[in-house]
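Asks: In case you want the letters, here they are:
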Amino acid sequence: MKIYYLMKKELIEILRQKQMIFMVIVSPVFQLLIFGYIATTDVKNLPVEIINISNSRYSQEIINRIEKSPLFIIKKITSRYESPIKNMKEGKIKAAILFRDSFDRKRNPSGFPDIQILMDGVDSNSSLIAAGYFNGIINDFLLTEFDKKGISVAVKGKSLLRYNPELKSINYMGPAIVAMLLTVIALFLTSSSIVREKEQQTIDTLLISRLKPVEIYLGKALPMLFVGLLDMFLGVTLVVLWFKIPIKGSIFQLLIASIIYLTAILSIALLISTFTNSQQEAMFFAWFSMITFILLSGLYTPVENIPWGLRWITKINPLQYLMKIIREIFLKGNGMKFFYKDIFSLIIIGSITISFSLFIFKKTVSK
Amino acid sequence: MIKVENLSKSFGAIKALDNISFEIPKGKITIFAGADGAGKSTLFKILIGLLKKDKGKIFVDGEISENNSEKLRKIAGYMPERFSLYQDLTVEENFDFFGEVYGVEKPRKKEMKKTLLEKTGMAAFRKRRAGALSGGMKQKLALSTILLSSPELIILDEPTTGVDPLSRIEFFNIIEELKNEGRTILISTPYLDEAEKGGFVVLMKGGKILKQQELKELKESFTPKLFRLTPSENIFKIMKKLVKDSNIREKFYIRGNFIHYLHTGEKDFSVYIPHSESIEIPPKLEDIYIYYERIFKGKEGDIN
Chain R
104 MKIYYLMKKE LIEILRQKQM IFMVIVSPVF QLLIFGYIAT TDVKNLPVEI
154 INISNSRYSQ EIINRIEKSP LFIIKKITSR YESPIKNMKE GKIKAAILFR
204 DSFDRKRNPS GFPDIQILMD GVDSNSSLIA AGYFNGIIND FLLTEFDKKG
254 ISVAVKGKSL LRYNPELKSI NYMGPAIVAM LLTVIALFLT SSSIVREKEQ
304 QTIDTLLISR LKPVEIYLGK ALPMLFVGLL DMFLGVTLVV LWFKIPIKGS
354 IFQLLIASII YLTAILSIAL LISTFTNSQQ EAMFFAWFSM ITFILLSGLY
404 TPVENIPWGL RWITKINPLQ YLMKIIREIF LKGNGMKFFY KDIFSLIIIG
454 SITISFSLFI FKKTVSK
Chain X
311 MIKVENLSKS FGAIKALDNI SFEIPKGKIT IFAGADGAGK STLFKILIGL
361 LKKDKGKIFV DGEISENNSE KLRKIAGYMP ERFSLYQDLT VEENFDFFGE
411 VYGVEKPRKK EMKKTLLEKT GMAAFRKRRA GALSGGMKQK LALSTILLSS
461 PELIILDEPT TGVDPLSRIE FFNIIEELKN EGRTILISTP YLDEAEKGGF
511 VVLMKGGKIL KQQELKELKE SFTPKLFRLT PSENIFKIMK KLVKDSNIRE
561 KFYIRGNFIH YLHTGEKDFS VYIPHSESIE IPPKLEDIYI YYERIFKGKE
611 GDIN
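Quick note, the sequences are listed as chains R and X, same order. Under our numbering, think of the first position of the first sequence as 104, with each following residue one higher. Under our numbering, think of the first position of the second sequence as 311, with each following residue one higher.
If you're looking for bench data, these hints aren't it; they were derived computationally from the structure. Keep in mind that a hint or two might mislead.
Straight-line alpha carbon distances no greater than 25 Å define the calculated SDA-like cross-link-like pairs of lysine to any residue that follow [unchecked claim]:
hint, chain 1, residue 1, chain 2, residue 2
1, R, Lys466, X, Lys507
2, X, Lys338, X, Glu596
3, R, Lys105, X, Glu486
4, R, Lys301, X, Phe321
5, R, Lys111, X, Arg439
6, X, Lys362, R, Leu114
7, X, Lys362, R, Ile359
8, R, Lys315, X, Pro335
9, X, Lys365, R, Leu310
10, X, Lys362, R, Thr305
11, X, Lys507, X, Gly441
12, X, Lys381, R, Val468
13, R, Lys121, X, Lys515
14, X, Lys384, R, Ile115
15, R, Lys189, R, Asn228
16, X, Lys594, X, Glu486
17, R, Lys105, X, Lys325
18, X, Lys419, R, Glu302
19, X, Lys416, R, Lys465
20, R, Lys105, X, Glu603
21, X, Lys338, X, Ala323
22, R, Lys465, X, Gly366
23, R, Lys466, X, Ser351
24, X, Lys384, R, Thr305
25, R, Lys105, X, Pro461
26, X, Lys437, R, Ile117
27, X, Lys518, X, Glu333
28, R, Lys465, R, Leu310
29, X, Lys419, X, Ser460
30, X, Lys325, R, Ile115
31, X, Lys420, R, Asn228
32, R, Lys315, X, Lys437
33, R, Lys465, X, Glu603
34, X, Lys416, R, Lys259
35, R, Lys121, X, Lys419
36, X, Lys515, X, Lys384
37, R, Lys259, R, Asn274
38, R, Lys301, X, Pro335
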């Protein structure tokens, strides 16, 4: 019953502080909206220069296809050769396409022009994706032309995309951003909770009360678990209703995974709050932990791409597991049998962190 | 009620408490007076079990109290140095919260809340957030919350620091009432005028006890004579000259426009001060503290 009063007190404190309301409700919604739009690997509105020396029907048709694509904006078309390097260096264009008649009429009797694609490779990922799109447009054009001429192609490759057929990166990133925001909110809010009591000396009042250290610890953690789940609900709702990403799997299983994940992350935050002496210190450690968790979670870079020396850290990074689980549930509609190992890992991490954090808390308060 | 023997506590190389012993009489106000760093807060924290002692023994009603101070916590209410209630909770919510965590039964809590709010004049502010109260009101609220569990022993660590003079008077009126109810009260303070309100006084400096005695006895047994000299020259110039002479400088100190002179031996040092008037005045606790701190320095082994 005493723990109920402590939890009630924690929630009142959160609700009465405007900054806290902002941090718990407004900030995640705002961040999710922003991240949802910017955290994408899709290529859109890529500025392109076209040098069409060939000026043939073929080159014109390919240019038409490029023009119609929402992925590219044609900044300049010229029929005389001009080096596009200057424009690329100045950042005016990210790609240049050169069409010219083939020199070798023997090997190329059809009259198709030679095509050279020049890409700005600074952003390697976007360049590779854009180059892929250009090649796709050209191949598609060639197949149409072959069909018209009655030429059959012996082997045709056809890609079939499952789980995210439109290849929208928001479908991949959206659920992951929810997991990321959950981490940010839980780490930052909770890591200041005990240290704030230390700064205000209210911890002394709690310690000499009839509350046991474990009750104080849980009284701090449980309201934050509630806040975390509230943010999870807000995030998932926004992702589903605003970004139109359907949840294909079980919401209940997502809830279970989130609770286990929050147990681990709250224990880490409370550990930070226990060993630090000021809220600034706690914020620093929370920030450091957050960056490490996010970078090694597979949010931006697949875990398999992380160098071997660092990959072992991902094994003890709880966010990596939640990231995987949330994507499995959202995109593939997979159930527990597909990610029980990740749940199990989360349980192990959660059990170790909560035991260690509670042990340190007990030790610290009885100095 | 509480007896402390050879208590010591260090933080690294700093000795916060250096082998101190004392006995607190039951049903009295005992004041621990001394400047910052005297060890008062450390002592209170050890008594209530918030800090572990390095060595020494604490007895509560004749029984030894272990490190967790469970026995003492059952009978004591402790108010830390800084305001330690929740600023975002209202006066009433603070009462309810602390009543609950101190394990006060619901009917008793309700009754005590009503009584204490009226007694401290806070009934009209019950819906006000604690953070919006004045300094004096905050301290009254903090005191009231610890009284919810009707503690036999009340430990107040610098309760009036930063509190306006009127609120201080009100606060000490409440303390006096509590004493009259038979409770034992321990107060630490850096203000020696406040220490005059205690029945028993423990003067501290640098983790040691300079003197401990009933206030009345302490004053009566104080043998040095105190003179108030009216300087005939600039007071600071005179003191500047005196500082150079280590034999006499400790006997003089500025009090407003006057210089106080502690006459402790046969030789009259007041001749060193150009003055127009010299009047013998009764010593206050401040003067006694200065004597024990500067001149006496535990010559009788009184510092322990």
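Asks: Just pull the numbers of the violated hints for me, sorted ascending.
Replies: The structure breaks hints 1, 3, 6, 7, 8, 11, 13, 14, 17, 18, 19, 20, 21, 30, 31, 32, 33, 34, 35, 36, 37 and 38; every other hint is satisfied.
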